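Engineer: The chain contents come next:
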Amino acid sequence: MSELKKLYDAILDGNVKSAVALTKQAIAEKCDPAEVINGTMIPAMSEVGRLYEKEEYFVPEMLLSARAMKSALELLRPLLANSGVEPTGRVVIGTVAGDLHDIGKNLVVSMLEGAGFEVTDLGIDVPPQRFIDAIAEKKPQIIGMSALLTVTMPAIKTTIDAISAAGLRDRVKIMIGGAPVTAEYAKQIGADGYSVNASVAVTVAKQMIGLEVA
Amino acid sequence: MPLAISKLDDFICGHSPHPVTCGHGLEIGAGKVIPEINFTLPAMGIDAATWPEVRQIYEKLIDDICVRAVDLEVPGILVEFETLPAMTVAPRWGLEIVEILAQAIDKFHEKHGLKSALRFTPNDIRDYMAPSKMRSGPYFEAMSEAFEGAAAAGADILSIESTGGKEVCDDAIRFGNLRQMIFGLASLAARDMDFLWRHMVEVCRRTNIVPGGDAACAFGNTAMILADQKFIPKMFAALVRVATVPRSLVAYQVGATGPSKDCSYEGPYLKAITGIPIAMEGRASACAHLTHVGNIVQAVCDTWSNESVQYVRLLSAYAPTVSMEHLAYDCRLMNTAGQTREGAILMRDWAVESDAGFDPQAWVLRPDVALRISQKIIDQPTPYLQTRAAAFWAAEEIADAVQRGRLAVSKREDRWLSKMRAEIDELPDDENELIEEMLATPIAAKFIPAEYGLTA
Chain Y
1 MSELKKLYDA ILDGNVKSAV ALTKQAIAEK CDPAEVINGT MIPAMSEVGR LYEKEEYFVP
61 EMLLSARAMK SALELLRPLL ANSGVEPTGR VVIGTVAGDL HDIGKNLVVS MLEGAGFEVT
121 DLGIDVPPQR FIDAIAEKKP QIIGMSALLT VTMPAIKTTI DAISAAGLRD RVKIMIGGAP
181 VTAEYAKQIG ADGYSVNASV AVTVAKQMIG LEVA
Chain F
1 MPLAISKLDD FICGHSPHPV TCGHGLEIGA GKVIPEINFT LPAMGIDAAT WPEVRQIYEK
61 LIDDICVRAV DLEVPGILVE FETLPAMTVA PRWGLEIVEI LAQAIDKFHE KHGLKSALRF
121 TPNDIRDYMA PSKMRSGPYF EAMSEAFEGA AAAGADILSI ESTGGKEVCD DAIRFGNLRQ
181 MIFGLASLAA RDMDFLWRHM VEVCRRTNIV PGGDAACAFG NTAMILADQK FIPKMFAALV
241 RVATVPRSLV AYQVGATGPS KDCSYEGPYL KAITGIPIAM EGRASACAHL THVGNIVQAV
301 CDTWSNESVQ YVRLLSAYAP TVSMEHLAYD CRLMNTAGQT REGAILMRDW AVESDAGFDP
361 QAWVLRPDVA LRISQKIIDQ PTPYLQTRAA AFWAAEEIAD AVQRGRLAVS KREDRWLSKM
421 RAEIDELPDD ENELIEEMLA TPIAAKFIPA EYGLTA
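If you're matching them up, the sequences are chains Y and F in order. Position 184 of the first sequence, counted from 1, bears residue number 184 in my numbering, the numbering being contiguous throughout. Position 77 of the second sequence, counted from 1, bears residue number 77 in my numbering, the numbering being contiguous throughout.
For the record, the hints were derived by calculation from the structure and aren't laboratory data. Hints may be right or wrong, so weigh each one.
[Said to hold, decoys possible] Below, in silico cross-link-like pairs of lysine to aspartate or glutamate (EDC-like), each with a Cα-Cα straight-line distance of 16 Å or less:
1) F/Lys-411 <-> Y/Glu-56
2) F/Lys-230 <-> Y/Glu-53
3) F/Lys-230 <-> Y/Glu-55
4) F/Lys-419 <-> Y/Asp-13
5) F/Lys-419 <-> Y/Glu-56
6) Y/Lys-24 <-> Y/Glu-74
7) F/Lys-411 <-> Y/Asp-121
8) Y/Lys-70 <-> Y/Glu-53
[Claimed, not checked] Where chain Y lies over chain F, by a calculated footprint (3+ residues, C-beta under 8 Å):
9) 35-48
10) 126-133
11) 172-179
12) 231-239
Given the structure is predicted, the values throughout are model-derived calculations rather than measurements. Cβ atoms here follow ideal geometry from the backbone N, Cα and C, with glycine treated the same way.
Input sequences plus hints: build the corresponding full structure.
Structural biologist: Structure representation (structure tokens):
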């Protein structure tokens, strides 16, 4: 369908209105939802990622594209249950206890969603027990944690220790980030990965679930 | 209404029309640039078990700082203590540290005649709750308790980096949405500033300490840091910087006297408009975050700060002592240049020209640009119209500099400038129109209109 090229362009341009209208049209025309996603939407987001890496796009442009994709995806989601299409991966994410900073974490959420991950955002000031509860409830493959302050960074370790004590450590990979956090610190406290910024987070997440080679 | 400083030759560092005297004879803006030192804890938790260690760290670091300040014969020292969230949630903890710091600077004043003052900056914790209660509730009460206890604990200046409006501005920055940003700054943040600063000024007057100032850190600096990481356009961050001026100005309109906060990069505009002394941070704050405006920010500063530094050991000494030395030498140089007006102007212009052409965020901090846009801002009657004018004229100044080849920008940055100029042109004349529009969007769920004096 030639309209799918328009859907591709709408996602590339971050045009939610067009993306939604064109997806509705595709549904009305009985297009295969898996084909719409895999043949049009994911390639569009890959191109967005390429433009970002080439420094032609900024994050806002990438987020608008991700928003357009998400809006379109929401229309297709009810149809996906029957087609067996799964999200790229499942992530539960939050800013650790005592820390109120979330703009970096929110960027990671948007970028993961844009890459097709299903993300549960627990918000800010998240105590260890809420991460533990979310592992049981959402069954994520990845837990993401961030901290901006030197005095809240230790709460990442506390949370990892609590997840281990709850017997859930083997069920998830743990990715951490935030201004004072380093790759060395991640290793030291037993996290599985560290992301220096939001754009790298997608690559790290894909590596964690075996979709990309480290 | 005229600017407090209207002539470029009068716009120099160390001199402000309305100097502030406080603490142990410390004069700010009265002819010399004063080092302002900040610090924070190393990576550690704050709880009852670690509290004795926390106290010891502050005792040790302030002693080391004061020893170095005396050794380097600084003209004075302003010490800023900015609480960590746990110390505002439990204000008695924050106030205990104020006491430790105040006792130390008292001791060094008594023993060595060190001119000094202590600025206390409780952090804004109202966004612990979402959507936030801005005017009541346990977090506001805890902040108020910190304000009330500041003077008795030994603070000389009260400041804050308030976050009203952040609920919508965070998203606006991520999405590069200037229209939403203007709404957040003008319709929410400026209203919260009016409420919060009337309260803080009343407390300061009653308890006899200086109502310092506020920083648009949650807005301008968030954008600046994301632009530094190349996540968002520098053009966007530059326009946001200038658009924060009317919001920060509110504090001084309701009684704050300065010095402004160090991370208030909108400071030159505030100084031009009100005549208050301003704190600035630049190259010496690389210990806290990187910057593209490291020199130009010193152009008209009155205190010179390091923003924050962790208490960690370096080869020479602990990092706060090292920062103290950086600041002392920077101030010595600025004050030597400032011994003559010609010297002060020459030093200012070198600081300006060394940065201005590299980044639009630097360009809008040029003293001449700040004077021109400041006049355009105060020509407008309301924070909304001032904010719209600030963004408009910032874009005009940048576009003019690009066109004349004085400011180098990439193609994608230039594309964003054109996009944002079109967006500014579409902003309505009537603020209510923008408020109604925003209240009808999903962002309205992020804040409580009544907490900003708005009717839903």
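Engineer: I'd like to know which numbered hints this structure contradicts. Please list them from smallest to largest.
Structural biologist: Violated: hints 7 and 8.
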